[in-house]
Amino acid sequence: MTIHDTLRQASVERVTRRFFMKTSTACLGGMALNALLGEKAEAATMQLNHPARAKRVIYFHLAGAPSQLETFDYKPELAKLDRQLCPDSFIKGKRFAFIKGVPKMLGPQTKFAQHGHSGAWVSEQMPELAKLTDKMCFVKSMWTEQFNHAPAQLMMQTGAQIKGRPCLGAWAFYGLGSENADLPGFMVLTSGGKNPDAGKTVWGSGFLPSIYQGVQCQGHGEPILFAENPEGVSREQRRATLDAINAINQHTADEFGDPETLTRMSQYELAFRMQMSVPDATDIAGEPEHIHKMYGTEIGKNSFANNCLLARRLSERGVRFIQLYDWGWDAHGDSEPTSLTGGIARKAAIMDKAVAALLKDLEQRGMLEDTLVVCGAEFGRTPMMENRNAGKDNPFAGRDHSPGGFTVWMAGGGVKGGLSYGETDEFGYQSVVDKVHVHDLNATILHLLGYNHEKLTYFFQGRNYRLTDVQGGVVRGLLA
Amino acid sequence: MGYSFELPSSRRMFKTISFSILLLAEACALAAPVAFNRDIRPILNANCIKCHGGVKEAGGLNLQFREQALKAGETGEIAIVPGKPDESAFIERLTAEDATDRMPKKQPPLKKEQIELLRRWIAEGAKWEEHWAYETPVRAGKSVDALIGDRLAQAGLAFSPEADVRTLARRLALDLTGLPPEVERVDRLEKDVAKNTDVALRAFVDELLASPAYGERWAVPWLDLARYADSKGYESDRFRDMWRYRDWVVDALNADVPYDRFLTEQLAGDLLPGATEEQVIATAYHRNTPQNDEGGTDDEEFRTYAVLDRLNATFDALQGTSIGCVQCHGHPYDPFLNHEYYELMAFFNNTADADRNDQAPTRKVRARADVARAHELEKEIASTRERLTAFHKTQEAALVKWLADVKPGNATRPTAEWKVSATAGQYVVKPEGKILLKGKVPERTTITVEARPAVGKLGALVLEMMPDDSLANTGPGTNEGAGNFILTHITAFLNGQPLELASATATYEQGGWPVAEALRIGAKDEGESGWAIAGGTGRAQTATFKLAKAVEVGEDAELRVVLECENERWPEHVLGSFALKTSAGVAETGEALAKLPKEIQAIVLRERKTWKEDEREKMWRHFLAQNQEALALYKSLDERVAALAALPLADLPIMAELTGAVARVTKIFHRGNWLDKAEAVEPKTPLVLNRWHDDYPKNRLGFARWLTNGENPLTARVQVNRVWEQLFGVGLVETLEDFGSQGDRPIYQDVLDDLAVRFQTEMHWSQKALLRELVMTRVYRQSSKTTKALQERDPANRLLARGARFRLSSEQVRDQALALAGILSRKMAGPSVMPYQPPGTWLVPYEGRDWTTSPGDESHRRALYTFIRRSATYPSMVTFDAPSREFCVVRRTRTNTPLQALDGLNSPVFIEAADAFAKRMTGATLDEQIARGLAIATLRPARDYEIAALKKLHAQTGGDLRLVANSILNLDEVLNKN
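So the protein lines, in turn, are chains H and V. Just so you know, we're using our numbering here: the first sequence kicks off at 1 and counts up by one. Just so you know, we're using our numbering here: the second sequence kicks off at 481 and counts up by one.
Keep in mind the hints are simulated off the structure, nothing from the lab. Because the structure is a prediction, the values reported are computed rather than measured. Note that the Cβ used here is the ideal one computed from N, Cα and C, for glycine as well. A portion of the hints provided could be inaccurate.
What the hints assert, rightly or not - List of simulated lysine-lysine pairs, DSS-like, C-alpha gap at most 30 Å:
| hint | chain 1 | residue 1 | chain 2 | residue 2 |
| --- | --- | --- | --- | --- |
| 1 | V | LYS622 | V | LYS530 |
| 2 | H | LYS435 | V | LYS1157 |
| 3 | H | LYS360 | H | LYS194 |
| 4 | H | LYS455 | H | LYS392 |
| 5 | V | LYS536 | H | LYS455 |
| 6 | V | LYS899 | V | LYS873 |
| 7 | V | LYS1157 | H | LYS100 |
| 8 | V | LYS586 | H | LYS455 |
| 9 | V | LYS592 | V | LYS564 |
| 10 | V | LYS920 | V | LYS910 |
| 11 | H | LYS455 | H | LYS435 |
| 12 | H | LYS455 | V | LYS591 |
| 13 | V | LYS586 | V | LYS607 |
| 14 | V | LYS585 | V | LYS530 |
| 15 | V | LYS859 | V | LYS1115 |
| 16 | V | LYS536 | H | LYS435 |
| 17 | V | LYS607 | V | LYS551 |
| 18 | V | LYS1147 | V | LYS530 |
| 19 | H | LYS94 | V | LYS1147 |
| 20 | H | LYS55 | H | LYS80 |
| 21 | V | LYS899 | V | LYS910 |
| 22 | V | LYS1092 | V | LYS881 |
| 23 | V | LYS910 | V | LYS937 |
| 24 | H | LYS392 | H | LYS131 |
| 25 | H | LYS104 | H | LYS92 |
| 26 | V | LYS881 | V | LYS1075 |
| 27 | H | LYS455 | V | LYS592 |
| 28 | H | LYS80 | H | LYS111 |
| 29 | V | LYS1147 | H | LYS92 |
| 30 | H | LYS455 | V | LYS585 |
| 31 | H | LYS92 | V | LYS1157 |
| 32 | V | LYS1431 | V | LYS1399 |
| 33 | V | LYS530 | H | LYS455 |
| 34 | V | LYS1098 | V | LYS1115 |
| 35 | H | LYS94 | V | LYS1157 |
As the list claims (entries may be wrong) - Non-contacting residues of chain H with respect to chain V, defined by C-beta distances greater than 10 Å in every case (computed):
| hint | residue |
| --- | --- |
| 36 | LYS80 |
| 37 | GLY93 |
| 38 | GLN114 |
| 39 | PRO288 |
| 40 | ARG313 |
Could you put the whole structure together from the sequences, leaning on the hints where they help?
And the structure:
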């Protein structure tokens, strides 16, 4: 347990009054003081329900949602129906974001082959990940109710399609606390030039205290907001500033006897340390050439590849939950950049190289076994070719949103490598075998972190809330 | 790692009990008879209700309601038999030897003392009490200070000493206006207090309450409840004009609109008889619900979410009751039934808004401060326009002449003394000035007109074809049915000399039959050429034939024009009705026209009656460009139009009720699923709360009346508690959002109830009256300094044996820094502003609008006016715990994080403030400068250790006073209310 954690927790205790539970008379100031003096403070995290299989999570959310049919869900039957009118049964009673009238079926837009001992099917768009299939655990039977980006992303990350609930990362941090005194426990990296459709709420803390929200590592400028001293202020001068502030604050603490004053002093100190540790953690310039080559990183750029390398550096330093959002996977085929064979294929190549590099890098550092890597999106895509504007085919090969069947894969901490779990129908449209709902996936992730999803709760507005609402179950079949 | 915390689910129960033990026990001993709320309900809630409450009703038993607990359950046994604990299955199951039979299931048995209490309670008749918060509050008969002071004395405690006047002055100013007071004002107060403390303080408080800053400060917590923001939420998160509602709240608070009216107007202002514009604006309150514009979303789904949100937010904010869980099942702990949720929803489910992208219904409104000015401007614009119209009339003749001079073809002058002859057909000269064919239509003809032309320059001949009722289709030609003609050739002579016609134009030409053909010799021989107007018949048309060279016409000149209609194929197409005119000189006017601006040329060339309003105005402005009187009028008009345009106009979403055939029917959602609808319900209020009056309308207005009629047990309590929380940091009921049985049980219920009663009666729902009383109490005026012993005894200060001390809100943190620096803009109201925000904060898909930093003082407005975009809230605000305003937030958390430190030390607004603050730190010596800075920020004299520490910093940083200022702004004492 770190000082940082204790203080953060202490601050929350004060707010939520959980403090009373621990001891009815203990002085919070005492705790904070102990912490300041570096004495061993008692852990204040949520009790684990069982031993954890993963200590940290790196979660890729490919915002916009890539196609399962051009990545891991191989459907030869669909190729036979290519460009034929879609059977009525596929569209009857279904709502689509864009498709109008009767669309045509669209065969897989890429070749597939089997890889590894497990014989997992992987599209030729992903040659590097294809080499790692024996470490990957594919959930091919995901489903959700939401067919629009914002609500579906909220569903995926917060377990509710409307805003206001804490996200998975916030729950994990709430439960586990931080491992590093000098860095936030939940950090967010974005690429693709846009935030996810649902906005920063997808890494918000909802009704949990705000310290649990994800801290966004900026793509450009300062990695953490206002971490840089103003122009003309040196680190020594900043040290002197803090010394002056804390010298006076110490008197204030004595005079008022308010433990929050001590907490504030220590938070200013943490801020000062973060000014060093964050740039250090986020500066990839010192990485060797072969690492840059493996990831495809370019120093000074805001890119998906850079974020993958940053994710490794942050996880090495004990950040609990690292969430990456990459925007631009919305493969409608209404323009070249959203074409399955154009812009989306180019994004796939970048993703393949960088994510494969991260898996290899984690493994060579012995971190893969206790780091859970998750890669998914808010939904899948239709086996039908998208048409819009009075039912005219889109100019490029594209697919509409499809919530009924999609693929998420995981690797590392506690999941079975080389496993393909569940199936969609022969056209990759609806999950039919061993269906896994978003709540099931989230329950499984919490399980791997050592929590029973029904017990990791927070009392708010008259009831105990949890990530999985009132549903979800751990998918035992995925566990190693 | 050690795991000493209990899980949060059980934590809650423990807490309720811990309070009884810790605090209540100090004051009230547990003595007979058993009191349900005090002794029994906590046991039931902690151990039984989870299975035997509104959610599960396991075995058919629900212990929330007496009548249900006294009925036979599914096993046929009766759980509770009043007076007979030994016959009660409830006691039997609690004490069962066999663990499989014993309750609570799979849990350790209840403690002996608890079971004994339950036995005694049943023996005494098993009386249920209504939960305290649903009982009508009563007067306590003592003052707030007496109630709290007595209780402290019982607990062996006493009030802390009064805070010194300078600390109190800062506390009062921050609490009432959200801004720090000026040093000079506090100096004065200190002197006044020396004469008469209460009089001086009262005057100071009244001054603060009268300040417009009061409404700005108190609007913030209300806007959290109203989830006020400047964008819609969800994917594109587009902007919307809500600021006029924010200003309504500020104005209403400043005007101290009584709280009952304040609520009624926001919930149902549109339904009030003769609703004023301000009352309709108030209804934007519940239009702050998020709206989803994403492609393909079901508007009905998100409309439903909005309605549910309105209901939930109303109960969270105004009734301290979390009712959201009742959407799916009976309330787990509190006496609200599943169907009651939908009966309440029926009040809100009948408005016209439907998650439409255009946000209808909306209303165009101006800032309140602008309304009078806008009205004045509109009046002045109208009167200036009237004066202009009158002035234009005096210039009409001049304009007509000028137009005649510049407009080719229209600059006509009549010719006189017509003599007409024709080779076929009979043409006569009519008195109204036209030549008309009489009788039978000839087959081909050549008409010769002799006339006396006007004196002066002759540049063109003008042939005006004029309709006449005697002709087919009123002419102006003769062919049957259409009234077309073909002019195959035209020649002209002046005083016998031929005139050379160089070019021709016409107001209309039939395709393939251009007027220029009429100039070509021999056209008639080819049979298919000349000027014709099919498609343009039935109305006047004009052809203008320009002379190669203008000639001077003297007195008594003779003009002869020969008009040939000699087409062989369509011989009956001859002229029917026409006039011959001359032009003052096409050559000249053409040049004059060419000199005009293109835009004016285009207008000149069109008939005057076709000019549009703005074209008429442009014409006049051009024509009168040299006229001083006109210019003065135009300037006056332009200034006023610009001033009016500069006044922002909001398209504010409002509430409108559906009536008659379009009114909605509300149905119960089966298990809370909006797609699975069951039976219809009528608007109705919950049974457990105050009764409904049959003369209330069954709509939002009736609901508002029910809420504010003085009989509702929660409305006043909840608001008094909220005001208390703003002053003391913790509510009398800590859980502002939950007054139910799972919420915090107030230690000082008598204080809360007494204030709640008086708030509704003697204070007439006046928030200012309530505040005036609270801030003058001994409780409020205590010093916030504490001892270790007191801190350990009551860490959260629930007993109030000391003053409140807590960090300023995010808005106050920013406003204070700017105010201390002397750069805070005091401009109120209007559209939200955009102070500096780091680039890249907004990266919202499908919505390209950018954060554009507001110029000058606009970026130093109070934080209240900062633009709030829900999906990417202003970073510094979030850092200091401001909510995103996506949903109703009843209670902000207060955190203490390193990001706040970074913000305070490094963010541009703090740096800017430090710069300006350093300039205010005036003095002859460094000591004086530092002392001055500390005095401005803390309102008390600087202390030696402070000056020493800051002097050291000054020396270490090469004499940088800005860093000294930066440090002062970051002091714990400055960031806190002390």
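- Hints the structure violates: just list their numbers, smallest first. Hints 1, 4, 6, 20, 24 contradicted; others consistent.
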